[in-house]
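Given these sequences and hints, build the entire structure.
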Amino acid sequence: GQQLNQSPQSMFIQEGEDVSMNCTSSSIFNTWLWYKQDPGEGPVLLIALYKAGELTSNGRLTAQFGITRKDSFLNISASIPSDVGIYFCAGIAGGTSYGKLTFGQGTILTVHP
Amino acid sequence: SAVISQKPSRDICQRGTSLTIQCQVDSQVTMMFWYRQQPGQSLTLIATANQGSEATYESGFVIDKFPISRPNLTFSTLTVSNMSPEDSSIYLCSLARSYNEQFFGPGTRLTVL
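Chains as they are written, first to last, in the working numbering: chain A, 1 to 113; chain B, 114 to 226.
Each hint should be verified, as a subset may be incorrect.
One-sided excerpt, in silico: chain A residues whose CB lies under 7 Å from chain B [to be verified]:
#	residue
1	Thr31
2	Asp38
3	Pro43
4	Ala48
5	Gly53
6	Ile92
7	Gly99
8	Lys100
9	Leu101
10	Phe103
11	Gln105
12	Gly106
Derived by calculation from the structure, the hints in this document are not laboratory data.
Glycine included, every Cβ here is placed at the ideal spot set by N, Cα and C.
Encoded structure:
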């Protein structure tokens with residue numbers, strides 16, 4: 001089945017630093033989504049990407065849909081302590097996969113004040 | 114976004130018993146989904162639950178173990194049947210709005226002893 005490879009697995013950074021994480025796949029996805037999950041909560045949608053090459057921002061977050069449709073990255077600028085959590089990429093393939101999310105393994109982000 | 118609630122938020126159950134998890138959303142949606150998140154892992158789709166039709170299960174998940182109901186456009190249930198410790202996970206429901214955006218409930222944390 002489809003798999004998403006997300007890296008890095010974890011990051012330990014200082015407050016104020018920028019963060020970058022990415023997901024790659026061997027197959028094409030029509031939609032890329034980025035989520036953040038806090039402890040004890042469900043994932044919260046951060047950014048949705050629908051077109052190859054699309055670059056979208058949400059505050060300090062920027063994400064891009066790779067032109068090959070097989071990858072995406074998420075950048076967080078000027079990190080703050082509340083950015084701590086697990087970040088997941090997720091993709092939706094086309095056709096009969098409508099609505100079905102395939103998740104990456106997650107990136108655990110720790111921000112030191 | 115969407116308002117999604119799940120009941121119970123957590124439970125501790127004995128092996129061999131069954132637990133039914135409820136998911137209520139604040140507006141009518143066609144597509145709802147159930148995911149499992151095993152400890153320290155990413156999310157895996159269990160099944161798609163569309164109102165008026167049988168749930169569609171992903172590979173590795175069967176109706177006898179995870180029966181799903183979808184009686185109307187704002188409600189769904191997932192039952193974890195004949196539980197074993199390996200079923201200890203977070204179970205999350207989600208809904209899909211336009212453009213493939215998917216929103217998650219807070220999850221039900223299940224521990225099976």
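Hint by hint, here is what the structure shows:
1. Thr31: At 4 Å from the nearest chain B Cβ, A/Thr31 passes the 7 Å test, so the hint holds.
2. Asp38: Because about 10 Å separates A/Asp38 from the closest Cβ in chain B, which is outside the 7 Å limit, the hint is violated.
3. Pro43: Status holds, d = 5 Å.
4. Ala48: Nearest chain B Cβ about 5 Å off; hint holds.
5. Gly53: 17 Å, violated
6. Ile92: This hint holds: A/Ile92 lies near chain B, its Cβ roughly 5 Å from the closest one there, short of 7 Å.
7. Gly99: At 5 Å from the nearest chain B Cβ, A/Gly99 passes the 7 Å test, so the hint holds.
8. Lys100: 6 Å, holds
9. Leu101: 6 Å, holds
10. Phe103: Check passed: Cβ of A/Phe103 comes within 4 Å of chain B, closer than 7 Å.
11. Gln105: At about 5 Å, which falls below the 7 Å cut-off, the nearest Cβ of chain B leaves the hint on A/Gln105 intact, so it holds.
12. Gly106: For A/Gly106, the interface hint holds, since the closest Cβ of chain B sits about 5 Å away, which is under 7 Å.
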